[in-house]
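K.L.:
Below are the chains, spelled out letter by letter.
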Amino acid sequence: MTLDEINDIVTQFLREGPFSLTSSQKNQQFLEIVNSLTKFHTTNCGEYSRIIEAIFHNEGEAGSLQDVPFIPVRLFKTLKLQSVESPLIQKTMMSSGTSGQAVSQIFLDKVTSAAQTRALSQIMGSVLGKSRYPMLVIDSSAVIKNRDMFSARGAGIRGFSMFGRDVEYMFDDKMELRTTEVEQFLAKHQGERIFLFGFTFMVWEHLCQALRKKNHTLSIPEGVLLHGGGWKKLASLNIDNEEFRSEIFETTGITNVVNYYGMVEQTGSIFIECESGFLHSSNYSEIIVRDQRNLLPIENGKEGVIQLISVLPMSYPGHSILTEDIGIVVGDDDCKCNRPGRYFKVLGRIKDAEVRGCSDTYSV
Amino acid sequence: MTLTLSDIANRESVKFGNLEEVVAQVSLRPFDTAVIDFLSEFSRQLLRSVQAKKLPDVVSLAYWCRPSNLERMRKEFGETSTSIGRGIVFHVPPTNVPLNFAYSLLAGLLSGNSNIVRMSSIDSIEVAEVLSTIGHISELSSLKEIAKRICIVQYGHDDEITEALSLTSDARVIWGGDNTVGHIRGLSTKPRSIDISFADRVSISLIRASAVLELSNDELSNALSRFYVDGYTFNQNACSSPRLVVWHGNNQDVSEASHRFWTHLDAIASRRGEVEAVHVMNRFVEACETLVANDNISRIDGLSTAALKVSLRDANRWEEVASLRFGTFTQARVSELSQLEGLLDEKVQTIGYLGFSPSEFEEPELVGICRKVDRIVPLGEALSFELTWDGYDLIRYLSRHVVIR
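If you read the sequences in order, they're chains E and C.
Counting from 1, position 204 in the first sequence corresponds to residue 204 in my numbering; the numbering is continuous, with no gaps.
Counting from 1, position 50 in the second sequence corresponds to residue 50 in my numbering; the numbering is continuous, with no gaps.
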């Protein structure tokens, strides 16, 4: 199968809205695309095919989503994985998983970028509707000024900025709140719905806590705040979603707070938190939770390692990845919010542990 | 200018003992009664400690220096009246096997020496427990003199200190890997000082297929528990951890025996239930990375089982993938023991065997095996520290034999 052929299938699939397939329907249409992606990457990415053939023994088409082979997400940090010729690569996304560690490299071609944008638009449409609203970015514009460096943070801001207009950055280069500019922006758009986007920890640290310190509050009752990027830092401060939301309300008056979950390895097909507080798979992606001890799929309601499947990755073999996050599938098709499909919770990352042994430790 | 001992004492954190006192001690004969008393008390205190009971590595250490075992080692050594400790031994243990420092120190004490131990970290609870016990017994008046023969210094990568301590010592015990050994051996020493260097090593298990097939289920469980200890302790990251399983037998026996073996291992592992998610993840990641880097791997089985089984196109190249850990094993088959030699080189330290008798390895035609390896021990004992380690008889190396005629 050629890149064009696989792109046609994916593009066709993305025409449909993000929340229409039930979990069992997904096991047909979605699975077909995912199997095609596995085949495509096996043909076009040597490293990927080596892993799939040696470990998963290339058993042909997966009969169910659970049988789709997966690779550890950490491989994007140590290997250069791409499934299209280098001249087709338009940009390379970088992310640092944990601070100070190696960065992931995600190679994007035109069609994959376009598919990401399309999927993200569809999913964001379900949060914001079709209109574009005045937007506040809860970050500094310095992050996106360097266009050569496609950091996950910059890419996230740039990606989500498409869904707003009249975009204003809330922080200066030193990550200090630009109080005057923000107040002017709010005065100008008084009474309008405002779209705010930021990374969870930035929102907490540089917005909520900064406002607390200044003894200042903002009034954005019409705001819709979308945030993501992980709870790791907040979890270490013992702050949960409830406290996060109430802090946002107290400092900014925002009640409409939406968390999203996603990885730079599967940009676009993000998972959105619903009114009931659960993350949802869209048509374009799926989550499978696996037993931490043996990586076998486990039943709903049980904690395990999160595997993510997405129809978007074409230029790199990231359509089925084993993350290092721990989560629980809460249920299928029966969330109170009425979205069909699978809904889940992310609980954190797998616990790091000391590796013992007698190798070089003194080291030169 | 070289640092003086008091410079080091001022600069670095001495966790136990006193450097100047250590160098002031005189050598003793190996297995001196005072040292035996000290270690026996050390063992007793550890075995009595509630905290230590929860730490298997500490319990093993306590058992290692219980009086009966010390007596056995003394007898094995033989006549001590013409031997005497070299003087001061400087130990550079690895940090990631927490209690390795203790065994190194014990060998230094038993051989009649004073000891300086360099620790880069004392964070582990095992280390803390051992240090506090040593501190405890050194307060007993009868044991005070022996305690003066121990000094534990904690410092980072500081060649100046390492060199100053090297120039103070009559022997150094340097635990590898290769880079550490090479680096530290590059630093100056006393002209007559000796080094005992433990370099990077790998180990294997050797299993007679017919023996596996003959074992009852209970016996097999027992054997696999021993394999589990060898293969899974320290995340399979120690020099003595088996990386290769060599099957001995004909094709059919090996195929049946290995199937029985690995299936049973899953049961043992899940009964133990001590698998950590991060290790499962690391194992998967390292396997993928190695696959991409090494085209000698033909397949890897058992992603969802206790052991990842790596098949190689050319089994003789098994050491190339020996860095895989967390329960990852390559396999090879031999139909005659003499073929084993082809799989060995000087990097191989230990053979842990099942289904053989020790005398089989003493046959003259198998001398080739002994040319390569340092230890051939029953399954389950690969990681049990002995006074003869990596081919060094530590007490003899760390003492001098005085010729008296």
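Be aware that a few hints might be false.
What the hints assert, rightly or not - Listed next, with one range per pair, are the computed distances between beta-carbon atoms:
1) Arg15(E) with Ser304(C): 47 to 57 Å
2) Ser132(C) with Thr255(E): 47 to 57 Å
3) Glu53(E) with Ser225(C): 30 to 40 Å
4) Glu219(C) with Asn238(E): 32 to 42 Å
5) Asn238(E) with Ser132(C): 40 to 50 Å
6) Asn241(E) with Asp178(C): 22 to 32 Å
7) Leu237(E) with Ser304(C): 44 to 54 Å
8) Asp178(C) with Glu181(E): 54 to 64 Å
Unchecked claim - Simulated pairs of lysine-lysine, BS3-like, Cα-Cα distance not exceeding 27 Å:
9) Lys53(C) with Lys39(E)
10) Lys144(C) with Lys351(E)
11) Lys233(E) with Lys77(E)
12) Lys351(E) with Lys372(C)
13) Lys77(E) with Lys309(C)
14) Lys351(E) with Lys148(C)
15) Lys77(E) with Lys91(E)
Since the hints were derived computationally from the structure, they do not count as laboratory data.
From the three backbone atoms N, C-alpha and C, an ideal C-beta is built for every residue, glycine too.
K.L.:
All hints, please: hold or fail.
P.N.:
Hint by hint, here is what the structure shows:
1. The hint said 47 to 57 Å for the Cβ distance between arginine 15(E) and serine 304(C), and at roughly 37 Å that hint is violated.
2. For the pair serine 132(C) and threonine 255(E), the beta carbons lie near 55 Å from each other, so the given range of 47 to 57 Å is met.
3. The supplied range of 30 to 40 Å is met by glutamate 53(E) and serine 225(C), whose beta-carbon atoms lie about 34 Å from each other.
4. A hinted range of 32 to 42 Å is violated for the C-beta pair glutamate 219(C) and asparagine 238(E), which are about 51 Å apart.
5. About 31 Å separates the C-beta atoms of asparagine 238(E) and serine 132(C), a value inconsistent with the hinted range of 40 to 50 Å.
6. Taking 22 to 32 Å as the suggested C-beta distance range, the pair asparagine 241(E) and aspartate 178(C) does not conform, at roughly 50 Å.
7. The supplied range of 44 to 54 Å is broken by leucine 237(E) and serine 304(C), whose beta-carbon atoms lie about 36 Å from each other.
8. One distance hint, 54 to 64 Å for the beta-carbon pair aspartate 178(C) and glutamate 181(E), holds here, with the actual separation near 59 Å.
9. For the suggested pair lysine 53(C) and lysine 39(E), the alpha carbons sit about 54 Å apart, so the restraint of at most 27 Å is broken.
10. Proposed proximity of lysine 144(C) and lysine 351(E) is contradicted: the alpha carbons are some 43 Å apart, above 27 Å.
11. For the proposed pair lysine 233(E) and lysine 77(E), the alpha carbon gap of about 21 Å is at most 27 Å, so the pair holds.
12. Between lysine 351(E) and lysine 372(C) the alpha-carbon distance is near 40 Å, which puts this suggested pair outside the 27 Å criterion.
13. With a C-alpha separation of about 25 Å, the suggested pairing of lysine 77(E) with lysine 309(C) holds against the 27 Å cut-off.
14. Straight-line distance between C-alpha atoms of lysine 351(E) and lysine 148(C) comes to about 41 Å, which puts the hinted pair past the 27 Å bound.
15. Under the criterion of a C-alpha separation no larger than 27 Å, the hint pairing lysine 77(E) with lysine 91(E) is consistent with the structure, at around 16 Å.
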